[in-house]
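Student: Protein sequence lines, in the order shown, are assigned to chains X and D.
For the first sequence, counting from 1, position 93 maps to 630 in the numbering used here; every step adds exactly one.
For the second sequence, counting from 1, position 226 maps to 231 in the numbering used here; every step adds exactly one.
Please keep in mind that the hints were generated in silico from the structure rather than gathered at the bench.
Accuracy of the hints is not assured; some may be wrong.
To be verified - Computed list of chain D residues with no C-beta within reach of chain X, every gap over 10 Å:
(1) Leu56
(2) Glu183
(3) Phe258
(4) Ala268
(5) Leu272
Stated by the list, open to error - According to the in silico footprint, chain X covers these stretches of chain D (three or more CB under 8 Å from chain X):
(6) 37-46
(7) 57-66
(8) 69-77
(9) 107-119
(10) 134-145
(11) 149-163
(12) 203-209
Glycine residues also receive a C-beta, built at the ideal position from the N, C-alpha and C atoms.
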Amino acid sequence: MSLTATIRTQPQRPTVKRPALRRVLPGFGLTMGATLFYLALIVLLPVAALILKTADGGILRFWQVVSGPRAIAAFEVTIGAALIATAFNAVYGLLMAWVLARYRFPGRRLLDSLVDLPFALPTSVAGIALTALYAGNGWFGALLEPAGVKVVYTLAGVAMAMAFTSVPFVVRTVQPVIEELKPEIEEAAATLGASDWQAFRRVIYPAIFPAHLAGCAMAFARGMGEFGAVIFIAGNLPFKTEIAPLLIFIRLEEYDYPAASAIAVVLLAVAFTLLLTTNAIQAWRLKRVVKD
Amino acid sequence: MTALHAHDELLLKAKPSTAPRWLIGVALVLTAIFILAPLLIVFDQALAKGLKVFADNVAQAETLHAVWLTAVTALVVVPLNLLFGLAAAWAITKFEFPGKKLLLTAIDIPFSVSPIVAGVCYLLVYGNNGLFGGWLQAADIRVMFSVPAIMLVTLFVTSPFVARELIPLMQVQGRDHEEVAATLGASGWQIFRRVTLPNIKWALLYGAVLCNARAMGEFGAVSVVSGNIRGQTNTLPLQVQLLYHDYNATGAFAAATILTLLAFVTLILKAILERQTRQH
């Protein structure tokens, strides 16, 4: 995606010399062959197996499974919770990226490292930790439940777990873009009488919008696929807090492989769509940067 | 670094507003609630019944076996994905060929696929009803619900990490140095070892650290293919779940502290390596 564009923007050597130089470096056959072989064996073959095996079952069976009430409910819970989580991360992640990129204060390094914790912490650990925090007798649950806010075994809990595991995507996509923004633009806006908020809304945000959008798309994709962090806090009540990845797992335990693979194909299709969307956004962003 | 600081001071001087202070405050409070608290409660719960119970829980045979299996898995997976990352980065950044965009997208696939879906994919290749199922059964080779399946699915989940770190860096570094070395008669291996490797070693380590963290922590994909056989095919993240469902929360959190310490090590190494890459 972004890489090919980078190559094109590099200063070109005289075209006459290029074909001769291109073949100077050795190892194309070896590295390309190894890459394709490994990719085919480890990534493409298993993904193809899922699609082939589901196609084997026939479109009718596929449709029966994915349009069944429990599957539909699971998709709704998954998408709904992932949307809530992404909305939260869009704001919190942007705030974190801004604060980390723009200000120097005591504890900044620690804060910067903490942002990566959700990536470094195994999801099952995150799952039991969040459950312990928000359970009725937990640090936060003991405060929230008397106030009538229940997080554990509700959609809020599912969204909370998804938000935890996906927040670094937003921060780490937006932060470098803010770091590269030229302060002169803001200063110009301020000189022209713009308030902080106006400068942010009219000048800064448009510049970071593509990165923000890409980060949110990645966070949403991660949220939709999340399993470990969610299953502990969700309580996994069918039609209420059962996410699609868990329904796949349940169908596997029942040895109902066709049903499991049908739901998996839907998640795979959503993941591919989001991957291509994110790549398109990044390419668009890069084109804008080059133009500027 | 110094340029960055100078630029910040300029900014702060230009805008003596109070906005930063409350923004920083909000960010700190939200992070304490949202990220720090889950981290702290792991230790709080693990030590809830005292140090002795904690030590007994960690030293439990099944948990120790899970630690061992987790380490072995990472020891197999990380080097393989290092080699893959290096090969992919070399092919992609040193040569021009059609379909490069497609290849880059294909490398990214495991990042976007749900771990559970990854598990199902492998089940449909190596399971009894899978693509190779009949053939494997005839040869009496068992892949599913055993250690090889755990390693295979972990290879899938962690395959993009090293490649994803190396490709952008090697792209920026270009190929001029390597081409000069080649013109001077260096062999491919010499070029790689003497010219390329010194320039990418920190990023390579960085990718390995990230790959290792995910390999040791993977839960969803492994839980589909492991079969959860106690003391045999349970990795540490699975052991956490098993203990938790056994109503042994203290034991689960004790096992979780090992993984949390691993996360600390990862974050510290990450910080160090990031500084190294920035300096070079």
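Student: Give a verdict on every hint.
Tutor: Evaluated hints:
1. Leu56: holds, 19 Å
2. Glu183: At roughly 6 Å from the nearest Cβ of chain X, Glu183 (chain D) sits no farther out than 10 Å, so the non-interface label is violated.
3. Phe258: violated, 7 Å
4. Ala268: At about 4 Å from chain X, Ala268 (chain D) fails to clear the 10 Å cut-off, so the statement is violated.
5. Leu272: violated, 5 Å
6. 37-46: Answer holds; 8 residues pass the 8 Å Cβ test.
7. 57-66: violated (count 0)
8. 69-77: Violated: only 0 residues of the segment 69-77 of chain D have a Cβ under 8 Å from chain X.
9. 107-119: With 12 residues closer than 8 Å to chain X, the segment 107-119 of chain D meets the three-residue bar; holds.
10. 134-145: Check passed, 3 qualifying residues.
11. 149-163: It holds, with 3 qualifying residues against the three required.
12. 203-209: As far as the segment 203-209 of chain D goes, the hint is violated, because 0 residues have Cβ atoms under 8 Å from chain X.
Checked against the numbered hints above, the structure breaks hints 2, 3, 4, 5, 7, 8, 12 and satisfies the rest.
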